[in-house]
Amino acid sequence: MSHFQRWALALTLPAGALMLAFYVYPILQVLGLSFSEPTPGLGNYAELVTNPAIRRVLWTTVQVTVPTTLITVTLSYIVALAMVQMAPGRRRLAMFLVLVPFWISVLVRAFAWITVLRRRGIVNSTLQDLGLIHKPLALIYNELGVVIGMVHYMMPFAILLLYANLSDIDQSVIRAARSLGARRWMIFSRVWLPLSLPGLLVAALFVVIFSFGFLVTPALLGAGRVLMVAEYISVQISNTLNWGVATALSTSLLVAVGLLVWLATRHPALRAALEGGRK
Amino acid sequence: MQRQTFQQDAFDIARHKLKTGQLSRRQFVAALSALGLSATIRPGAAHAAASEIVVCNWGGAAIDAFRDAYGAPFTKSSGIEVVVDGAGPSTGAVRAMVEAGNVIWDATDGGMTDAAVLGKGGYVDPIDYSVVDKSRVGEGMAAEYGVANYIFSNVLAYDATQTDGKVPAGWKDFFDFDKFPGQRTMCKWVQGQLEAVLMADGVKPEDMYPLDVDRAFAKLEPYLKDIIFWESGAQSQQLLREGEVVMGNIWHTRANLLRKENPDLTWTWENQLIFASAWSVPKGNPAGKEVFEFINSSLLPEGQVTLLRAMGNGPTNPAALALMSEEDKAVYSLAPENLKDVLHVSAAYYAEHDAEVQNRFLDFISR
Numbered sequence: 001m002s003h004f005q006r007w008a009l010a011l012t013l014p015a016g017a018l019m020l021a022f023y024v025y026p027i028l029q030v031l032g033l034s035f036s037e038p039t040p041g042l043g044n045y046a047e048l049v050t051n052p053a054i055r056r057v058l059w060t061t062v063q064v065t066v067p068t069t070l071i072t073v074t075l076s077y078i079v080a081l082a083m084v085q086m087a088p089g090r091r092r093l094a095m096f097l098v099l100v101p102f103w104i105s106v107l108v109r110a111f112a113w114i115t116v117l118r119r120r121g122i123v124n125s126t127l128q129d130l131g132l133i134h135k136p137l138a139l140i141y142n143e144l145g146v147v148i149g150m151v152h153y154m155m156p157f158a159i160l161l162l163y164a165n166l167s168d169i170d171q172s173v174i175r176a177a178r179s180l181g182a183r184r185w186m187i188f189s190r191v192w193l194p195l196s197l198p199g200l201l202v203a204a205l206f207v208v209i210f211s212f213g214f215l216v217t218p219a220l221l222g223a224g225r226v227l228m229v230a231e232y233i234s235v236q237i238s239n240t241l242n243w244g245v246a247t248a249l250s251t252s253l254l255v256a257v258g259l260l261v262w263l264a265t266r267h268p269a270l271r272a273a274l275e276g277g278r279k
Numbered sequence: 001m002q003r004q005t006f007q008q009d010a011f012d013i014a015r016h017k018l019k020t021g022q023l024s025r026r027q028f029v030a031a032l033s034a035l036g037l038s039a040t041i042r043p044g045a046a047h048a049a050a051s052e053i054v055v056c057n058w059g060g061a062a063i064d065a066f067r068d069a070y071g072a073p074f075t076k077s078s079g080i081e082v083v084v085d086g087a088g089p090s091t092g093a094v095r096a097m098v099e100a101g102n103v104i105w106d107a108t109d110g111g112m113t114d115a116a117v118l119g120k121g122g123y124v125d126p127i128d129y130s131v132v133d134k135s136r137v138g139e140g141m142a143a144e145y146g147v148a149n150y151i152f153s154n155v156l157a158y159d160a161t162q163t164d165g166k167v168p169a170g171w172k173d174f175f176d177f178d179k180f181p182g183q184r185t186m187c188k189w190v191q192g193q194l195e196a197v198l199m200a201d202g203v204k205p206e207d208m209y210p211l212d213v214d215r216a217f218a219k220l221e222p223y224l225k226d227i228i229f230w231e232s233g234a235q236s237q238q239l240l241r242e243g244e245v246v247m248g249n250i251w252h253t254r255a256n257l258l259r260k261e262n263p264d265l266t267w268t269w270e271n272q273l274i275f276a277s278a279w280s281v282p283k284g285n286p287a288g289k290e291v292f293e294f295i296n297s298s299l300l301p302e303g304q305v306t307l308l309r310a311m312g313n314g315p316t317n318p319a320a321l322a323l324m325s326e327e328d329k330a331v332y333s334l335a336p337e338n339l340k341d342v343l344h345v346s347a348a349y350y351a352e353h354d355a356e357v358q359n360r361f362l363d364f365i366s367r
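Chains A and B are the protein sequences, given in the same order.
Those letters in the first sequence? Residues 1 to 279, by UniProt numbering.
Those letters in the second sequence? Residues 1 to 367, by UniProt numbering.
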């Protein structure tokens, strides 16, 4: 290690100490609670497996997460691909429009979707006025509403990730394909898509991990009918004082997320995409 | 919830810095206004311990209302400032604070059930009835770990334009979808929900507890698709205001706000489900025993009527009735004319069964 590297390392120590004190230590406490509350042992983890209500909560979480991820990544890919090819001025405008919802609180966005999607909301009343439907569609207070809200929340994140990845792709490769006579679809399927696959997977991973933690959106747009894991944990911590089960569930989620990220870093291309670009 | 907890923490940090001289008063005030907290506390009193009582409630308009109704009279008689923090004293929050040995609340505003649950867990001190005068509250309102500070109800609120002007007669009509077609809203938090279902199914108030949960689920099941479950009072209000639902099982305070906005949105007291809210004192509270003087003062009828007028939260002191106008009585759960076929929700039952029944309910409605 050079003199400079030792100095650089020393400079990270305060941040490292802060992380240990305010992040790692509380997480270890949570881990400890899962083995000690209300009685020492593995009882809480046994309950995660045997309690049918918790199984249903986890299944609901999967049922919401899968479509959310697929839709978010697909739509975001389209937007990101378009942005990469835009002229700089337009691209700035597009980037601004992507970032606007990014800055609005999740609570406000959930209430805004309620206004849009409710039975007397703008979507239903427009469709009814046009005579396309006779009864209002159930767009909200079910899994559909939760997916809509979550996709909207996740898209700016996914677009930014995919945009970074796509703009790293060497444009001379595209020009080469074109000069060799490839048509649009061929360029997309044989050049863009394979080169952006690691970025797509990283964006998907990101959406999946975030979806596990969604609390406000399912609570408001699901209105009690869509109980996801983060809300379940929150109820056990704040209301029922079932801290043992809540911490066991949190710990398991943390491990699951850790495993997903670890698996992703096994693959060199994914690792490069996770670390942000290949330069 | 998360945001409030964060602000809570930030407030705590700033206050500590002020006390230890790391922040000047002016910096402290600036930090608070940056956190959006300037309206909730009185920094002027923060430097001298035990010269203030910190009360925690659920925020919103209740911060000012508590300050006027409970805080001002006590400050006037004792010279001790009362600070109202709206962070929401959930049982989980109180437990976390007590276990961390970093209690900043002197009195918390929770349900009678919360008081009993926290008492059983050893997170709150017993109410000191040598200071707090039991005779200032009605029967059954002075428990070991909580003394009732106000009364509220779950009522049947309805949209008269959607019921064609008909007044629903209690929970039987709430679940009569032929007579009153359209969606309903109920609360996700179970207390007062299954009681309404069972009353509609013919269970008499005196036979209500222990709750027959299976019977309630069987009755509720066919209607689930037409019920939207609210989790915050604001949400229940929005659902009725926007015409999404015909009827709701909501807090009478929210129903009262709705009626003030639009007289077509109103409620019936018939079959109301009555709850007592309670003060509890977290173990190791900063002001120590002095908090009981505050609690005793908060049970005086004048302040309680002030709270009723501001929020609709009803007095627990029977003497308050004599101070009320007809208008006041119209929003008071315990006014004699409002007590037709009502149920007093059992805090004792929920102190034992809340966690279990709550989880079964959430699981049931989300299937």
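Everything labelled a hint here was simulated from the structure, so no lab data went into it.
A hint or two may mislead.
Unchecked claim - Negatives, chain B to chain A, calculated, CB over 12 Å: (1) A72; (2) G88; (3) T91; (4) A93; (5) M186; (6) D201; (7) G202; (8) E231; (9) L323; (10) D354; (11) N359; (12) R360.
Claimed, not checked - Calculated lysine-lysine pairs in the DSS-like style (CA-CA distance at most 25 Å, straight line): (13) B:K134 with A:K135; (14) B:K283 with B:K260; (15) B:K120 with B:K289; (16) B:K134 with B:K283; (17) B:K219 with B:K340; (18) B:K225 with A:K135.
Note that beta-carbon positions come from the ideal geometry of N, C-alpha and C, so glycine has one too.
Checked hints:
Consistency note on A72 of chain B: stated as away from chain A, and its beta-carbon is indeed over 12 Å from all of that chain's, at 31 Å minimum. The claim that G88 of chain B lies off the interface is violated: its Cβ sits roughly 9 Å from the closest Cβ of chain A, which falls inside the 12 Å cut-off. Under the 12 Å C-beta cut-off, the non-interface status given to T91 of chain B relative to chain A is violated; the minimum distance is some 6 Å. Residue placement check: A93 of chain B does not keep its beta carbon more than 12 Å from all beta carbons of chain A (closest about 7 Å).
Listed as a non-interface residue, M186 of chain B fails to keep its Cβ farther than 12 Å from every Cβ of chain A; the least gap is roughly 8 Å. With a cut of 12 Å on Cβ distances, D201 of chain B stays outside the contact zone with chain A, its closest approach being about 21 Å. Distance to chain A confirms G202 of chain B as a non-interface residue, since its nearest Cβ pair spans about 25 Å, more than 12 Å. In this structure E231 of chain B is not separated from chain A by more than 12 Å, as the shortest Cβ-Cβ distance comes to only about 6 Å.
For L323 of chain B, the requirement that its beta carbon stay farther than 12 Å from each beta carbon of chain A is met, with the minimum near 35 Å. The Cβ of D354 of chain B does not lie farther than 12 Å from every Cβ of chain A; its closest approach is about 7 Å, which violates its non-interface assignment. Not every beta carbon of chain A lies more than 12 Å from that of N359 of chain B, the smallest distance being close to 6 Å; the non-interface claim is violated. The claim that R360 of chain B is not at the interface with chain A is violated, since a C-beta of that chain comes within 12 Å of its own (minimum 8 Å).
Taken as a hint, the K134 of chain B and K135 of chain A pair is broken in the structure, with Cα atoms around 57 Å apart against an allowance of 25 Å. As the CA atoms of K283 of chain B and K260 of chain B are separated by approximately 40 Å, the hinted pair breaks the 25 Å bound. The straight-line distance between the Cα atoms of K120 of chain B and K289 of chain B is roughly 20 Å, inside the 25 Å bound, and the hint therefore holds. This hinted pair checks out: K134 of chain B and K283 of chain B have alpha carbons roughly 21 Å apart, not beyond 25 Å.
Our distance criterion of 25 Å between C-alpha atoms is met by K219 of chain B and K340 of chain B, whose separation comes to about 24 Å. In summary, the hint linking K225 of chain B to K135 of chain A is supported, as the alpha carbons are separated by about 15 Å, within the 25 Å threshold.
In the structure shown, a violation is registered for the earlier hints numbered 2, 3, 4, 5, 8, 10, 11, 12, 13 and 14, in ascending order.
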